[in-house]
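I would like the entire structure built from these sequences, with the hints used as guidance.
Read top to bottom, the protein sequences are chains B and E.
The numbering of the first sequence is our numbering, which starts it at 1 and goes up by one.
The numbering of the second sequence is our numbering, which starts it at 1001 and goes up by one.
Certain hints may be false.
[Unchecked claim] From the structure, some residues in chain E lie toward chain B, with a derived Cβ separation under 8 Å: (1) 1012; (2) 1015; (3) 1018; (4) 1035; (5) 1120.
No wet-lab data here; the hints were simulated from the structure.
Note that CB positions come from ideal geometry on N, CA and C, so glycine has one too.
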Amino acid sequence: MSLFRRERELITRNEFVDRFDFAEIENFVRHASKNLFISHRFKHTDKMLVQPRGGFPTYDKVFALYEEFTRAGVDVLPLTIDSNTRLNDYATAKKMLALSEENDTDMLNGYPLVNHGYRTTRRMMVHFDTPVSLRHGTPDARLLVEMAIASGIFEIEGGPITYLLPYSKNFPLDKAFLYWKYVERVCAHYSALNEPINRESFGPLSATLQPPVIVIVIQLLEMLLSLEEGVRSFSVSFSQSGSMIQDVVTANVLRRLARRYAEEFGYGDAAIHLVYHQWMGAFPHNKEFSDALITTSTVIAAMVGADKIITKTRDEAHGIPTKEANARAVAGVQYTLGMLQGIPSVEDPEEEEHLERMVVEIMEAVLNDGADTLWRKVFNAIKRGHVEIPFSPHVINANEVITIRDPRRNIRILERGRLPISDRSFAYEKKQISLRPGEKVVEKIIQDIGIMQ
Amino acid sequence: MKVVTGVVGNDVHVVANRLIEISLKERGFTVYNLGVNTYLEEFLDALLETDADVLLISSLNGEAEGWSRDLKILKSRYRFRKDVLFVIGGNLAVGEVDEETLVPRFEAFGFDLVYHQKDLNESLDEVEERLRERAA
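Next comes the structure, spelled out in structure tokens:
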């Protein structure tokens, strides 16, 4: 038995897991319906796929949610995992699941997939015969991903950087890289049996004034870490920035560079997709304004040519939406998309050249590190502050970069910290910014974070 | 002047924490930011290690009381070289509790300045004022 197989046997064996039947699971994946694979959908349609967010503790509630979504014309179903499972605390998840089932109140903020197990969950996935995307936020997702693929969930979101730095203070980053390496290898392994398993990175990061250069660098790095383990279908993503033109510029540069780096590294055969998240910051309380925001962001998604859009609801400022409200949002986005045929392509060559130069400057600094493997180079870059995420709670994050909006609402770098961007690039960024005399940077930041409220 | 700051307890409100750090730096303080999810003991250890003049604890989820009520007992176990100014601010209660009730309660825990749902810059102006009075 190979070392990797032995490791998988160990990971999938604990008191919360029913016997893991690898032969049966491989057989299931090999003969699974093509409709369950988002990679297959991407290949055969030009339509932007619509995916909402959502998850509940019990099987029945998720089933009812999926029925609601299906009636609304959903393209991709979400399965959001609860926070205990994200921290590998299956004992608490088990207790809370039992309480949720007995009392008909939700004691978990998502679906505890490990406790439900793959035999149960697979019944639901096969019933709906629609691609499902696993949404979590887990630094050690080894068991969770084994369980997901065995259930028929063939898209896995996350990555060692994007599911760690925005979410955790102390979880060791080097461990996250190794645990995600396992996840990539499992995805690559199953990809050989049928259509490819799609991996998706989480571009919104901390969703607070994220400069596009950092978003793109991290998307490229997680893509390369995934492709190098054998994954051949990957989605890069980012979220609405608050500036329409900056979103267009970001998309154009991200799409171009993802393709270029994949080819340079010898993975030209990989399929790469672009995912757009509707506004991830604070929403207005006014629900009509929320509708306007959601519609505008759907228009931007069409302008940037996204392959998939991940939706919000008009109830965002008011808590977790009901399944009905969530489904109405899906129907609304589909309706808007129907109108958006044949949008002319938009570009801004000067801004794109500037952004692309900055990305390449940081990528070169990361890749020129003397470490022997890519993950170590990336680890070193983060440790040194060559890559950092503004507003990350993690102890390893440098917290030196400061960003604010220019008069056109583009997010610009005011303090570059230790980002290895050239003086020329930095000067271009600074030139766009204008602070009123005496204006405090902090007040400006607070305003710039809350522009949609 | 040196300040130790961070968010007390199981509270991950990182945006406010980072804004406080930026404000303090803008005002010329040397800042030791312990970040989110910090326990009271860690704050006091950091005061000793850095020889800081001010401890500025923030809290947003309303659970500060449970996490900081032992400040007085804890303080008596440390020997600081300086007369440290103890400050707490943010959203200090779950639900609606008025300031007149909250401020004396936190002062009794051992805080010199208490800010409940107050503007960040105005509060920091007062902190600086108090530091000037002490120096005089």
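Practice task
State the violated hints by number, sorted upward, taking the hints as numbered earlier in the document.
Solution key: The structure conflicts with no hint, since it agrees with every one listed earlier.
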